[in-house]
Amino acid sequence: GSSFPRHPPGLRRTAAERLRAEYWHMEIRWGRVVAVLGAVVFVAAVVVLQPSDEDDDGGEEKRVGPGGKYKKFTPTLEYQEVPAGAAIPPGLEVRMDLASGKSYARISR
Numbered sequence: 001g002s003s004f005p006r007h008p009p010g011l012r013r014t015a016a017e018r019l020r021a022e023y024w025h026m027e028i029r030w031g032r033v034v035a036v037l038g039a040v041v042f043v044a045a046v047v048v049l050q051p052s053d054e055d056d057d058g059g060e061e062k063r064v065g066p067g068g069k070y071k072k073f074t075p076t077l078e079y080q081e082v083p084a085g086a087a088i089p090p091g092l093e094v095r096m097d098l099a100s101g102k103s104y105a106r107i108s109r
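Residue numbering for the sequence shown follows this note's numbering, starting at 1 and increasing by one per position.
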């Protein structure tokens, strides 16, 4: 055999160094895949959870939260009955008739 190495020592990588470099590149590739998938899931969730104007039932009901529908209540200066299941805006004066169980609300004066 020859006493000279086939490759100069500085250019030759050991098997362990080659495996380490390959593993590092795989981690970067999988990290990018996971980041892209996470971004796709986030965008899909934002699009799905946004209320659309197409669901408007002519003012009868109003979409308030993700998938939740509440009857629309428009307050006035006089007390009016709050429909069952209606969401009312904050800051109203509310009273309840204990005999009938009905709620009434008006704009605070």
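Treat the hints with caution; some may be incorrect.
Stated by the list, open to error - List time: in silico SDA-like cross-link candidates among lysine to any residue, alpha-carbon distance up to 25 Å:
(1) 71 / 34
(2) 72 / 96
(3) 71 / 31
(4) 72 / 104
(5) 102 / 76
(6) 72 / 85
(7) 71 / 37
(8) 102 / 86
(9) 72 / 47
(10) 72 / 49
Hints were generated in silico from the structure; no laboratory data involved. Values in this document were obtained by computation on a predicted structure and should not be read as measured data.
Cross-check of the supplied hints:
1. Between residue 71 and residue 34 the alpha-carbon distance is near 41 Å, which puts this suggested pair outside the 25 Å criterion.
2. Proposed proximity of residue 72 and residue 96 is supported: the alpha carbons are some 19 Å apart, at most 25 Å.
3. Restraint check: the Cα-Cα separation between residue 71 and residue 31 comes to about 46 Å, which exceeds 25 Å; the hinted pair is violated.
4. Straight-line distance between C-alpha atoms of residue 72 and residue 104 comes to about 14 Å, which keeps the hinted pair within the 25 Å bound.
5. Restraint check for residue 102 and residue 76: the C-alpha separation of about 17 Å stays at or below 25 Å, so the hint holds.
6. Note on residue 72 and residue 85: the hinted pairing holds, with a Cα-Cα distance of about 9 Å set against a maximum of 25 Å.
7. Taking the CA atoms of residue 71 and residue 37, the gap is about 37 Å. The hint is violated against a cut of 25 Å.
8. Under the criterion of a C-alpha separation no larger than 25 Å, the hint pairing residue 102 with residue 86 is consistent with the structure, at around 12 Å.
9. As the CA atoms of residue 72 and residue 47 are separated by approximately 24 Å, the hinted pair is consistent with the 25 Å bound.
10. For the suggested pair residue 72 and residue 49, the alpha carbons sit about 20 Å apart, so the restraint of at most 25 Å is met.
Checked against the numbered hints above, the structure violates hints 1, 3, 7; every other hint is satisfied.
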